[in-house]
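Novice: Just so we're aligned: 250 in my numbering is position 246 of the sequence shown, and the numbers increase by one with no gaps anywhere.
The hints are simulated quantities; they were obtained by calculation from the structure and are not laboratory data.
Some clues are possibly wrong.
Restraint ranges, calculated between C-beta atoms of paired labels, are given here [as the list claims (entries may be wrong)]:
| no. | residue 1 | residue 2 | range |
| --- | --- | --- | --- |
| 1 | Ala-450 | Ser-212 | 37 to 47 Å |
| 2 | Gly-609 | Thr-725 | 30 to 40 Å |
| 3 | Thr-943 | Pro-788 | 45 to 55 Å |
| 4 | Pro-769 | Leu-619 | 27 to 37 Å |
| 5 | Asp-250 | Thr-888 | 42 to 52 Å |
In silico DSSO-like cross-links for lysine-lysine, where the CA-CA straight-line distance does not exceed 30 Å [said to hold, decoys possible]:
| no. | residue 1 | residue 2 |
| --- | --- | --- |
| 6 | Lys-131 | Lys-121 |
| 7 | Lys-639 | Lys-850 |
| 8 | Lys-851 | Lys-639 |
| 9 | Lys-121 | Lys-409 |
Note that CB positions come from ideal geometry on N, CA and C, so glycine has one too.
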Amino acid sequence: MSGYRLGHGGDIDRTRPITFQWEGRNYSGFAGDTLASALLASGVRMMGRSFKYHRPRGLIAAGLDEPNAIVQLEQGAQTIPNLKAPYIDLYDGLSANPVNAWPSLGFDLLAVNGLVKRFIPAAFYYKTFMWPDWLLFEPSIRKAAGLGTSPTLPDPDVYTQTSAHTDVLVVGGGIAGLSAALQAAQTGKSVMLVTGGAHWGGRLAATSDTIEGKPARVWIEDTLQTLAAMPNITLMARTLATGHYDHGMVALCERLTDHLPLEQRSGPRQRLWRVRTDELILATGAIERPLVFRGNDRPGVMLAGAARAYLHRYGVVAGRRIVVATNNDSAWQAAFDLADAGAHLVAIVDARNAPPTVLIERAQSLGIPVHSGTAPAAALGGRALRGVRIGRVSEGGHIGGATQKLRCDTLLVSGGWNPAVHLHSHGAGRLALDANLHSFTPIAAAGHRSVGGAAGDFAPPSPIPALWSISESGAPDPEAWVDFQNDVTAGDVALAARENFRSVEHLKRYTTLGMASDQGKTSNVNGIGILSTVLDKPMQAIGTTKFRPPYDPTPFGVFAGHRVGEGLRPRRRLALHDWHTEHGAALDEYGGWMRPAAYPRSSEGEETAVRREVLAVRSSVGLFEASPLGKVEVKGPDAAAFLDRMYVNTISTLKPGRCRYAIMLTENGTVFDDGVVTRLADDHFLVGTTSGHAAAVAEAFREWLQCEWITMQVLVEDVTTCWAVANIAGPKARDVLSALEPDMDISSTAFPHMSARTGHVCSLPARIARVSFTGELSYEIAVPWRDAGRLWTALVEAGAPHGMTPFGVEALMTMRIEKGFLHVGSDTDGTTLPQDIGFGGIMQKKKQDFVGRRSALRPDGMRDDRRSLVGLEITDGKSVPLATGAHVLPATAAGEQPSQGWVTSSTWSPTLNAPLAFALIERGQERMGETVRVWDLGTWREARITGLCRYDPEGARLDA
Numbered sequence: 005m006s007g008y009r010l011g012h013g014g015d016i017d018r019t020r021p022i023t024f025q026w027e028g029r030n031y032s033g034f035a036g037d038t039l040a041s042a043l044l045a046s047g048v049r050m051m052g053r054s055f056k057y058h059r060p061r062g063l064i065a066a067g068l069d070e071p072n073a074i075v076q077l078e079q080g081a082q083t084i085p086n087l088k089a090p091y092i093d094l095y096d097g098l099s100a101n102p103v104n105a106w107p108s109l110g111f112d113l114l115a116v117n118g119l120v121k122r123f124i125p126a127a128f129y130y131k132t133f134m135w136p137d138w139l140l141f142e143p144s145i146r147k148a149a150g151l152g153t154s155p156t157l158p159d160p161d162v163y164t165q166t167s168a169h170t171d172v173l174v175v176g177g178g179i180a181g182l183s184a185a186l187q188a189a190q191t192g193k194s195v196m197l198v199t200g201g202a203h204w205g206g207r208l209a210a211t212s213d214t215i216e217g218k219p220a221r222v223w224i225e226d227t228l229q230t231l232a233a234m235p236n237i238t239l240m241a242r243t244l245a246t247g248h249y250d251h252g253m254v255a256l257c258e259r260l261t262d263h264l265p266l267e268q269r270s271g272p273r274q275r276l277w278r279v280r281t282d283e284l285i286l287a288t289g290a291i292e293r294p295l296v297f298r299g300n301d302r303p304g305v306m307l308a309g310a311a312r313a314y315l316h317r318y319g320v321v322a323g324r325r326i327v328v329a330t331n332n333d334s335a336w337q338a339a340f341d342l343a344d345a346g347a348h349l350v351a352i353v354d355a356r357n358a359p360p361t362v363l364i365e366r367a368q369s370l371g372i373p374v375h376s377g378t379a380p381a382a383a384l385g386g387r388a389l390r391g392v393r394i395g396r397v398s399e400g401g402h403i404g405g406a407t408q409k410l411r412c413d414t415l416l417v418s419g420g421w422n423p424a425v426h427l428h429s430h431g432a433g434r435l436a437l438d439a440n441l442h443s444f445t446p447i448a449a450a451g452h453r454s455v456g457g458a459a460g461d462f463a464p465p466s467p468i469p470a471l472w473s474i475s476e477s478g479a480p481d482p483e484a485w486v487d488f489q490n491d492v493t494a495g496d497v498a499l500a501a502r503e504n505f506r507s508v509e510h511l512k513r514y515t516t517l518g519m520a521s522d523q524g525k526t527s528n529v530n531g532i533g534i535l536s537t538v539l540d541k542p543m544q545a546i547g548t549t550k551f552r553p554p555y556d557p558t559p560f561g562v563f564a565g566h567r568v569g570e571g572l573r574p575r576r577r578l579a580l581h582d583w584h585t586e587h588g589a590a591l592d593e594y595g596g597w598m599r600p601a602a603y604p605r606s607s608e609g610e611e612t613a614v615r616r617e618v619l620a621v622r623s624s625v626g627l628f629e630a631s632p633l634g635k636v637e638v639k640g641p642d643a644a645a646f647l648d649r650m651y652v653n654t655i656s657t658l659k660p661g662r663c664r665y666a667i668m669l670t671e672n673g674t675v676f677d678d679g680v681v682t683r684l685a686d687d688h689f690l691v692g693t694t695s696g697h698a699a700a701v702a703e704a705f706r707e708w709l710q711c712e713w714i715t716m717q718v719l720v721e722d723v724t725t726c727w728a729v730a731n732i733a734g735p736k737a738r739d740v741l742s743a744l745e746p747d748m749d750i751s752s753t754a755f756p757h758m759s760a761r762t763g764h765v766c767s768l769p770a771r772i773a774r775v776s777f778t779g780e781l782s783y784e785i786a787v788p789w790r791d792a793g794r795l796w797t798a799l800v801e802a803g804a805p806h807g808m809t810p811f812g813v814e815a816l817m818t819m820r821i822e823k824g825f826l827h828v829g830s831d832t833d834g835t836t837l838p839q840d841i842g843f844g845g846i847m848q849k850k851k852q853d854f855v856g857r858r859s860a861l862r863p864d865g866m867r868d869d870r871r872s873l874v875g876l877e878i879t880d881g882k883s884v885p886l887a888t889g890a891h892v893l894p895a896t897a898a899g900e901q902p903s904q905g906w907v908t909s910s911t912w913s914p915t916l917n918a919p920l921a922f923a924l925i926e927r928g929q930e931r932m933g934e935t936v937r938v939w940d941l942g943t944w945r946e947a948r949i950t951g952l953c954r955y956d957p958e959g960a961r962l963d964a
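With the hints as extra help, turn the sequences into a complete structure.
Specialist: Have a look at this one:
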């Protein structure tokens, strides 16, 4: 192909030349060009290499159906792989390179694959390289896979998302879409009209046709002006409908800045729209089918409709010597338009024995030879088209008799048109085979309708011949290409059928037909037609593969929107974050919160700091910020009954002012969360959760109330960030609290362990709970978040005489292991049932049903050999704690054998001056005192099974 630019015509702005790079060389185009049109105008023939055999490929289409001109756009962090050249708006400074070619497009070493084509047919990887070991060959095959190169640097672009509702959404900016939008808007309804490209008018905008007596371009401009003046319609160009989902929801991808030079871009690159509509009108047009014949993939073979589009939209002629091969009328119009523009038409080759007389007469008037009843037998040439052999063709595509050679550099083909039914099918719409078009057309569906080309509304006056595969042998040709990008041939389709992969879905996966980045837009129907011929089975009975969104590859970034980095998972900061950092806290993430792990002093490591903090709490008093602990208020007449259904424990028997530790299960019976539930009043509860589960617990509560127990009068509110919490723990904790002048009696008898009071401390409204995760006398003081600083300052001052020490999460975790307290998420997993952690008796005594009970009491949950949570005492004399995750085996274990459990928590106990651990072990509760071996990465340790609590088992310090 040697395309060239005309001196006039097109929608480009010839006063604005643009310089860009292709393969490192400078080229020029004009504003309004695409990368494809600019390259075609510059005479570039080869624009890509195929995936498997690395065959040279040229431009074939003018839109998203392009399978060959796949490019890598820009470089570094801004590089984007596998974009289609016809869909890239040209901008100044653009840099693009072909994909899947090394060291260059013109000299690709992997083109050697074509020499061994017979040994690597369709699905060769299922049948070849099985001996001696697939793993010997897999790395090389994996390395050869893929087209473009994924960026290795973070995406510098910003993406955004929005939602909208409209009465009518029209997808497609062609003639049918414009007409449908105008009709809907005239009824007063709100209308959104979207088109994927930068231009309106669709396929007819790239023609010399007339509409309602006006040239197509004039009609389009007039209609757009009318629509733009209507307040109830929104026009959105460069906005592609990528998916059609349930309940009238359509996803749109709007390209905001992709058409601008890099240095001029600001704001989001693309926007994802979630549009709900009452009526969806699909005016998505139709996709032209190629003809399948030997050598039809050579650079220079192009769809006739694409050549017509390049001519009228960009003023580009596809080649110097052009042959048109077709089985329908549309390609003749392309030939006439090209001839009118001054192009040299060598011939029109039509498979029909009697094309319409009016077309033949027009061709003769333009001096174009016509060959009726003929079709291309083979395209000639190597890296560029040099000619085409044509011959008489039968109805089934068999070329018989002598052939004739036509010298040309461009072959325009058209095998008919397929309605773009993808969005119709996304919405569960069904398809029917049109016998005249030999394509699948939409069946009317509720909630959406197709119009124009998308509905198959371009039927010819008489049926066109079904030329699924043209060959001189009469059999599917192994050198006739169906899927250009994935190198699937007509012979491959026949091979799959011979090997009994006769389902269209099996054909797709066995041959990779339709699995390329274009998703088979130009190949699927031809492939189905060939399979139909081979199996002698109607195409309607074969059907189509499943149409899945997105319609075209869409950046991950636009689906993520702002949900990247901290936008995806915000770093939640404590109420006293600044104080912690100023006082040397080593911050780490726990449950989505940035929390102090410890407060190491200048010469301390973190481990030393943790030991110091533990001993300070045990001997005097420590200060800990517990604001992240989940706080969910449950209020209403049915609050107590509701919580009885949600927790293993019975909550309704709890008296106001008292607290109870409780665990919550999933519907599968596994442990979901735990926490302390406080009854503030008869109808008012404060439910404590783990730090990372507050939102999940609140959502679970709401789901059950809204979906199952809709008559219960209960209000649920997550108030975690409404209340800041300071925890003082240690023998001197009551003395520190007294210094804050609480307006309540905090004596041990008046304010016992597992109770709560509401009042004031240092003149601040507060909720105080006497609960402990350290094993010491402990108070959790909650004040409004805005008052956290005042409370904390007062506590620091009150604790100074006692040497109060701030302590972090690691010290807290060490103390809870010493005391034998469970930590959900560390000591449980997705299979842990309540009976595995000591709640079996409570669960069986509770008569009332609750979430997860039935599942937890299934036979598997009642097995005698289930793993239960126990303690481990190290008996090998070593001071190094066990590794978390280490496997527990019998004392007699020496070699490989099944694990009986694993270590869930492990630490060095500064209080006991010994390593401690928890483990989930088979029949653990029955094996107290038994010696076991613990294995981790080849190292054996010895331990003894014990109870969980190793510190203050009588609870005297808690009750002090």
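Novice: Next, verify each hint and record whether it holds.
Specialist: Hints, one by one, checked against the model:
no., hint, result
1, Ala-450 / Ser-212: 37 to 47 Å, "holds (39 Å)"
2, Gly-609 / Thr-725: 30 to 40 Å, "holds (33 Å)"
3, Thr-943 / Pro-788: 45 to 55 Å, "holds (51 Å)"
4, Pro-769 / Leu-619: 27 to 37 Å, "holds (34 Å)"
5, Asp-250 / Thr-888: 42 to 52 Å, "holds (44 Å)"
6, Lys-131 / Lys-121, "holds (15 Å)"
7, Lys-639 / Lys-850, "holds (23 Å)"
8, Lys-851 / Lys-639, "holds (24 Å)"
9, Lys-121 / Lys-409, "holds (27 Å)"
Violated hints: none; the structure is consistent with every hint.
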